[in-house]
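Protein chains in written order, with the working numbering: chain R, 8 to 454; chain S, 8 to 454.
Watch out, some of these pointers could steer you wrong.
For identical chains, the list gives no copy identity; a pair is met inside one copy or between any two copies.
[Claimed, not checked] List time: in silico SDA-like cross-link candidates among lysine to any residue, alpha-carbon distance up to 25 angstroms:
#1 K427 to R355
#2 K260 to S66
#3 K427 to H212
#4 K434 to S66
#5 K140 to T46
#6 K427 to A411
#7 K140 to L44
#8 K291 to L342
No lab work stands behind these hints: they were computed from the structure.
Number of protein chains: 2
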Amino acid sequence: MVTLWVVNACSSLGIGLAGCGTVGSGVWNTLACNGALITERAGGDFHLHISKILVRDPSKSRDITGQVPDGIFTTDWRALVADPAVHIVVELIGGTGDAFEIVAAALRAGKPVVTGNKALLAERGVELFALSKETQTPIHFEAAVAGGIPIIRIVQDSFIGNRILSFYGIINGTSNYILDRMTEVSLSFEAALAEAQALGYAEAHPALDVNGWDAAHKAILLATLAYGFPIDPASIHVSGIEQVRPADIHFAKTLGYVVKLLAVIREHPDGAVELRIQPSFVAKSSILASVHGVFNAIAVQGDAAGEALFYGRGAGQNPTASAVVADLVEAARSLGQSSGHRGFLPYRESGRMLPVGETSTAYYVRFDVTDRPGVIAEIAGILADHRIGISGTHSPVNPTDPDAEFVDMVFLLHTCPFGKLQAALSKIETLDCVNSCPVVFRIESLG
Amino acid sequence: MVTLWVVNACSSLGIGLAGCGTVGSGVWNTLACNGALITERAGGDFHLHISKILVRDPSKSRDITGQVPDGIFTTDWRALVADPAVHIVVELIGGTGDAFEIVAAALRAGKPVVTGNKALLAERGVELFALSKETQTPIHFEAAVAGGIPIIRIVQDSFIGNRILSFYGIINGTSNYILDRMTEVSLSFEAALAEAQALGYAEAHPALDVNGWDAAHKAILLATLAYGFPIDPASIHVSGIEQVRPADIHFAKTLGYVVKLLAVIREHPDGAVELRIQPSFVAKSSILASVHGVFNAIAVQGDAAGEALFYGRGAGQNPTASAVVADLVEAARSLGQSSGHRGFLPYRESGRMLPVGETSTAYYVRFDVTDRPGVIAEIAGILADHRIGISGTHSPVNPTDPDAEFVDMVFLLHTCPFGKLQAALSKIETLDCVNSCPVVFRIESLG
């Protein structure tokens, strides 16, 4: 019997690594560790090596394995992209300035690009995806969304035969860590954030994590792939976790929920796409409620595949490097092929986003009110005027000061369009007993 | 001889569907429903249509959408494979006889193959994978393992940069359904099986489901991909759920566990691969314990990606069709490419399987004993002779007959090699107070 272990000529493919911080070092180390295994699995077709590294300061010491060849570092991105020994460009410098230039230049030079830059693709993806099509040069970005979960490829390849009905995702590990610590050990938001920073989970300037925009960038990429059209970041509703208080966590618990920052993406029967990022009450019995710490999870509903859920590490050096390396293999396989790109890119000119005002769920609303008779009646009256049903209301006694003048008052509201709620809230805000903007969380029924 | 199909602007690619039962009809319907969307996502490169269908009885009525062209049915598999209008062959007839001939003939004709036949690949994969390499014609089999979970592609592509440290999988939906119903509503094994059959989850002859071999075939495929060498089904340990009794379910609950049929695949530091299918106690707090009904889930640990878990429908018409369609797109993309195969196949001649005797866990063992003084002492004495530690023992009173002569006696044992346990059990079986073979479940710590 003929057993044919075909070994072709093994090309050595050079990688130009733009950025050698946490993830870049992880890519170096993963290739150093598992490079031979990758070549074996790829049927001996190619060997990947890093031939050029773009850094700000070549003299800085780095946590990378083994010998670094002389002259591998450069501070000039043009030199990196133009280097004939660079066949594939990996962009890991972040931001939307130089990163854009590097990616665009690589595509124009016909060099496949691998990037983990969600902000770049969410904000300037339209230009870059068009350039990728024009140059027939692929751009891969598994590392941009939930590093350790191969959700990009799942959407681009595995679910290609499905209309995607919805995504429900926990896709910002920092926010999930903070909410989890607030839930599990009753930390305040500030204490949980400080802990996340001390552990290296949150940046020194964690604005994009806690304000929801990191999750929003990822959700835009998922929705763009699933529904095929570019999505303007200005068209979506994003609210972060800065306003979550221990009182909210406590209430959620009492009612059988946990608070999660959820990215919700849904296609409505008329084709309109709902996309929003908001703190949400999620039933304790749902699998998403069991996603702890910095883990990410994405529940996907396909019309053929049914319900599926993908869970893993959303960030960190090695999980993100794992995603970059998978994309490098994909990029390597596409070199020399007539039709380079497998993962699809936006395939429609435009589509309709559902205005957030038309999205409906139940709600949890917390008001900061002056504690005097008639407060509930006044708020409930305005809600009634707007035909919004109340399923419960509660005003906890302040344990440290039972006679406090200002108290939190919580309303649980039946399902209604968010626009209707907003109209009612803007009226309620004008009441003299209401002292600040109400805080609104969604109550999601995950089915 | 390799035939390259040149793909022009939107080629219409013909599929030869061997088998038009549940999954085959699902493939037809998915393409009928989402074919245009698939073409859009594929950049308009190709359109997939079913051009030939192999059936036993062309006159049988089928649950498929829309008009079926005249002459599409054939009863001759050779005609299907040879048909010049068939560019890709889908094998869904099952078994290892004709199915083998069809797959082999298609590969020899240079026609990519998509199959969902786990038994075929687990038992005759060595020959077929070698033929795929020899003919440079891809064979895709996402549908063979956990239909709605794209685990094959995750291992072949997304985790290609990882050494895979372990899989822990619930990969037989029928067994999980039966155990779940025994746990949640206290059904007997027989009643739960009858329910699964009535609902269409279990076949009329469910032997491969309940004896563990369906899960074993899938686990062999996963391990073959992860570790790269062919695995002889005779080299692995498989035990099914036929021996699970309500008493076991009850005990597990009391101790904070649920009983699951687990496929465990692990690479040991010396490179030996552990692969076993056994009923197992899984801690209630683990995500795998929350996998209910016919759902499947696979926890994967990669050295770079870390822990990940993939959850979804393991079987059924549409989830399996979704996997077949994803593979069809992959196959279509490979037509006309010089190097067709992306997903890797076995890449090593051989490797070492860890004998089951050398695998270690804690255990739950149930004995059927004659209730007389000294029974525990005799059993415990033999365990002590074998240096096996006991963490607990219990003999439940039979509520319907407190003076019953025969009773169940349960021992919880500390971690030891399975071989040591087997040696002790074969001694214990010779005791005259022990009436039948002991029943052994693993107690898995999922970390």
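Checked hints:
1. K427 to R355: Neither. Shortest intra-copy (32 angstroms) and inter-copy (63 angstroms) distances fail the 25 angstroms Cα cut-off.
2. K260 to S66: Neither: 52 angstroms inside a chain and 59 angstroms across chains, both beyond 25 angstroms.
3. K427 to H212: neither (35 angstroms within a copy, 56 angstroms between copies)
4. K434 to S66: neither (60 angstroms within a copy, 68 angstroms between copies)
5. K140 to T46: Between copies only: 16 angstroms across chains, 28 angstroms inside a chain, cut-off 25 angstroms.
6. K427 to A411: neither (32 angstroms within a copy, 68 angstroms between copies)
7. K140 to L44: between (32 angstroms within a copy, 19 angstroms between copies)
8. K291 to L342: Result: close neither inside a copy nor across copies, 47 angstroms intra and 48 angstroms inter.
In the structure shown, a violation is registered for the earlier hints numbered 1, 2, 3, 4, 6, 8, in ascending order.
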